[in-house]
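Engineer: In the order they appear, the protein sequences are chains A and B. Residue 49 in my numbering sits at position 49 of the first sequence, with consecutive numbering throughout. Residue 161 in my numbering sits at position 161 of the second sequence, with consecutive numbering throughout.
Hints were generated in silico from the structure; no laboratory data involved. Computed from a predicted model, the values in this text were never measured in an experiment. Treat the hints with caution; some may be incorrect.
DEER-style ranges, computed between Cβ atoms [what the hints assert, rightly or not]:
1) P106(A) <-> A81(B): 29 to 39 Å
2) R75(A) <-> A132(B): 22 to 32 Å
3) A132(B) <-> R152(A): 58 to 68 Å
4) G29(B) <-> P78(A): 51 to 61 Å
5) V104(B) <-> N96(A): 40 to 50 Å
6) Y84(A) <-> I167(B): 14 to 24 Å
7) R477(A) <-> P165(B): 32 to 42 Å
8) I167(B) <-> R416(A): 15 to 25 Å
9) A132(B) <-> I240(A): 39 to 49 Å
10) S513(A) <-> P165(B): 54 to 64 Å
11) Q163(B) <-> R448(A): 41 to 51 Å
For every residue, glycine included, the Cβ atom is placed at its ideal position computed from N, Cα and C.
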Amino acid sequence: MSRVNPGRSRRSYDAIVVGSGISGGWAAKELTELGLQVLLLEAGGPVNPATDYVEHVQPWQLPFRGYGDRSALERNQPVQKDCYACDEWSGKFFVNDLDNPYSTPPDQPFSWIRGRQVGGRSITWGRQVYRWSDLDFEANSRDGHGVDWPIRYRDIAPWYDHVEEFIGVSGMAEGLPQLPDGRFLPPMEFNCAERRVRERLLKAFGGKRVLTVGRCAILTRDHHDRAACHYCGPCERGCITRSYFSSLNATLPAARATGRLELRPWSVVESVRFDAVRRRAAGVRVIDARTLGVLEFDARLVFLCASALESTRLLLNSRSPEFPAGLGNSGGVLGRYLMDHHMGHGARATMPGYEDHRTYGHRPNGIYLARYRNVADAHPDFLRGYAFQGGAWRSGWGRGGDGKGLGAAFKQSLIRDQGPWQMSLYGFGEMLPSPENFVELDPTLRDRWGIPALRIHCAYGANERAQWKDMIESAMRMLDAAGATAIRPTDQETPPGLVIHEMGTARMGRDPSTSVLNGWNQCWDAPNLFVTDGACMASSANQNPSITYMALTARACHHAVDLTKRNEL
Amino acid sequence: MDRRDLLRLLAAASALPFLPRPADATSLGRLLHRTAALLPRVLTPDQHQLVSALADLILPRTDTPGATDVGVTPFIDGLLADWFPEDERHQFLAGLDQLDRRAVQQYRGSFPTLDPDTQLAFAATLDGVEGAPGSAEASFARLKELTVYGYFTSKTVARDILQDPVIPGRFEGCVPWQ
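Chain A extracted, bound-state conformation (with noise of 0.2 Å):
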């Protein structure tokens, strides 16, 4: 899987697949599986899982103990060292921000968080897994903003079921319409805290909160080639045993076993070339990140997958004669419309009972409540809606390091007693898509390899600040129904970016001149090039989003070769 394709063999590809994360690692499965030649372009080296998985190293195997190289990181990190998961562990599965860099107005700063490595970022990915519903891909039309979905649920719920039955979600049917069942392997267990919470909120709400365990593509029973979970906890790190999904771990290896799989890490693609003959993309042209050398390939379908914003660089950069401002942008709405989700409002409080009781093993995964504002009813003071990730957990000897508490009780006190439990809740809450968060092509900077860089406009509006007051209220309120005492407001800004579900820029929609794909995710300005990643989303709903790139990339490679074969492409 780590090995470096030497050489070409081949110039002209059936397709090529623009990146080898959670949105390419499928295209390269599905378009592979039906029978086509793929060449799978990655800009960034190979990970090789026995050596560069790290899961199960401990802190006391580190120079730093998990604190991290806080100076390298500084000097070679200091965008991604804001992501949780760019730790001392997991630091090398993200960017040198100096080899990559990217601008922004002074007054709106964007955390630009990005994994260039063969598996991208599904190697670092969060794993939860929510299905839109169709509240979500009617929004748009409902309130106006952004252009209305050219798909509904009913386009998409078989691709879910597709992608769910390959990846293996495990969670709990709740039967709410806003936010679908799916194909679900055993949930993992709430633990003592989260179990009254969940009984009490849908006690005193009248069964209109629902808090769930959290719906994620970790393994709770062996599943196809892969194993169940060993709950050693830290999934951002690697998985030697495959539990949970990345592509690296699953569609990347179902690629291969069918012989048709070409991988070439360490090419960075630096635009798509456009065939004004026939009107069609007629390839790539790469550079090698080790030489610089320059190199083009020829296919017959063009997949960009390379992430929302690489994605977007990539059909700017891609100028020509019939498209001076970059390829899809037609109708002037290609980089238009960032969106991303907006975390970081709630609230945490300690829930009192259950100290004699604990939880066994490291559960990777937490809980999840339901939308629940402007699902029947509407918000006097915001559209759309949020949902609370969090969970319950046990302080530990952490507590010890701060606070009072000095010699030999205290010491034994740390190691025997685990603390009350915590409990929090953080919202996910939708952000609308707006044309003044956009991205364009930054005149003068670029990135090592010579292809300019983007500057990033967004910033969170009216709508979403509504929500964060909204969140807070909500969450108290929703700690207090459910006995926990010590109930303190979590109000904690973050820029844009780092709940890293940026999305759109690309997005589907009905009309060539006011969308860049059409409800296959196929260009308008070139039927054989496809953007399936984060890039096509004409809105963002409040669930993390990876499940549903997965599903629309499968629907869209079916298609594809659907169009093939009827010589329609």
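Let chain A serve as the given structure and place chain B on it in line with the hints.
Structural biologist: For chain B alone, kept in the frame of chain A given last:
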């Protein structure tokens, strides 16, 4: 290595309990290199003693190891050398010096030389008290945080005392315990 460094090394090394008598210059050289790896990199001998005394006061040896038994002092020294930015290192050490000066003023002795009850009484006046950067209170709080972290992330404590399994094999959410 110049003569001053050698003397400093030998002076510090003499505090180590296991020095064999060097037979010749070559083995002395080897010994010094081995010893150098064990020597504090930032803390002076006095500061080293002070950090160790405070760490063992916070987490003393009982039927389980104390802070210095599991190497909390070299852990803190290593962070001071490679992890602390210059200004934070300076403030931390200034606060430690202030702490020791206060011990001398109030109890007529450097902190490590005080008897255990006096040490505890003095430390209790600092524990949980907020202070500006560079103050005795702020450095005590930081030292305590690092002591707890260094103690519980040491191999001996994390693996042998807490016995938290690296590969539990299952998750149970609500298990009665003792």
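Engineer: If a hint holds in the structure, say so; if it doesn't, say that too.
Structural biologist: Against the structure, the hints:
1. At about 35 Å, the beta-carbon gap between P106(A) and A81(B) stays in the expected band of 29 to 39 Å.
2. Taken as a hint, the range 22 to 32 Å holds for the pair R75(A) and A132(B), whose Cβ atoms sit roughly 28 Å apart.
3. Between A132(B) and R152(A) the CB atoms are about 60 Å apart, so this pair conforms to the stated range of 58 to 68 Å.
4. About 42 Å separates the C-beta atoms of G29(B) and P78(A), a value inconsistent with the hinted range of 51 to 61 Å.
5. For V104(B) paired with N96(A), a C-beta distance near 49 Å keeps the hint of 40 to 50 Å intact.
6. At about 23 Å, the CB distance of Y84(A) to I167(B) agrees with the hint of 14 to 24 Å.
7. The beta-carbon spacing between R477(A) and P165(B), approximately 38 Å, falls within the hinted interval of 32 to 42 Å.
8. For I167(B) paired with R416(A), a C-beta distance near 23 Å keeps the hint of 15 to 25 Å intact.
9. Taken as a hint, the range 39 to 49 Å holds for the pair A132(B) and I240(A), whose Cβ atoms sit roughly 47 Å apart.
10. In this structure the hint that S513(A) and P165(B) lie 54 to 64 Å apart at CB holds, the actual value being about 60 Å.
11. At roughly 47 Å, the beta-carbon separation of Q163(B) and R448(A) lies within the given 41 to 51 Å, and the hint holds.
Of the numbered hints listed earlier, the single one contradicted by the structure is hint 4.
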